[in-house]
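S.K.: Sequence:
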Amino acid sequence: MAAALPSSSIWKPFISSFTSSLIVKPTHKISAQMALSNSSITTAATTTSNISNAYTSGRKLPILLFDVMDTIVLDPFYQDVPAFFRMSMKELLECKDPTPWIEFEKGLIDEPELARKFFKDGRSFDLEGLKNCMKRGYLYIDGVEELLRALKKDGYEMHAFTNYPIWYKMIEDKLKLSTYLSWTFCSCIFGKRKPEAQFYLEVLNCLKVDPASCIFIDDRMRNVEAAIEAGFTGIQFKNADLLRKDLSIHGIDISMNEPNENQDAAEVLD
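Letter by letter, the sequence shown follows residues 134 to 403 in the working numbering.
What the hints contain is simulated information worked out from the structure, not anything from laboratory work.
Derived DMTMM-like pairs (lysine to aspartate or glutamate); straight-line CA-CA distance at most 25 Å:
(1) Lys268 / Glu305
(2) Lys264 / Asp213
(3) Lys285 / Asp343
(4) Lys371 / Asp275
(5) Lys325 / Glu244
(6) Lys253 / Asp230
(7) Lys309 / Asp275
Let the hints inform the model, and build the full structure from the sequences given.
M.R.: Here's what the structure looks like:
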């Protein structure tokens with residue numbers, strides 16, 4: 134971790150707010166900026182066609198690729214971590230070094246080296262205490278677990294596609310994301326980070342599908358734009374309700390209501 138805010142998922146800077154979720158799906162030759170103006174209807178038609186073709190090949194598409202921090206799980210950095218150090222966010226950003234956290238996310242350094250480099254002045258701190266603080270702060274974003282459960286029930290293939298260090302295992306220990314998706318694409322495993330173009334190509338190489346057969350979901354627009362440039366369908370995450378609606382536009386209709394067993398039994402008796 135570090136002293137100025139790095140561009141990682143946990144230390145990421147302030148994200149500009151948009152009035153609605155952005156859904157885009159360009160070709161490789163269309164720039165991300167141009168893609169943002171594309172019709173959702175055209176995009177949805179293409180995605181729906183891909184879904185139909187997928188059934189004929191025996192693999193249900195599209196494949197869903199989820200960012201984790203602030204898309205599935207609340208990021209504890211903004212409130213919990215400054216409080217742990219008894220600093221304001223401004224003070225924390227001024228005294229930590231940005232580089233080590235990026236290296237840690239890529240799996241280039243281990244925890245002891247992260248701790249040594251964390252502050253610019255080399256001061257020591259309770260690393261285990263920080264880890265426990267973060268683990269307490271890991272929580273599902275409202276409505277997201279229910280959405281993942283519904284997608285899993287409908288048979289969709291889902292993968293985490295995240296900038297995060299080995300500490301993703303702490304998230305798994307607490308929240309059991311693997312119940313719904315696979316921790317397949319973590320920056321600490323691949324040594325690459327979004328929005329690096331090569332990371333997106335690695336994903337396609339591993340999945341062995343065309344980018345048009347993937348929907349990428351992330352709260353950070355620049356990561357979505359990089360996905361668009363690689364040919365993925367991109368959705369900027371805002372909240373669970375909007376994501377459900379956005380997925381519906383792409384032919385993925387999800388019922389968020391669990392069946393009421395008592396009601397079903399009563400209907401049978403009638």
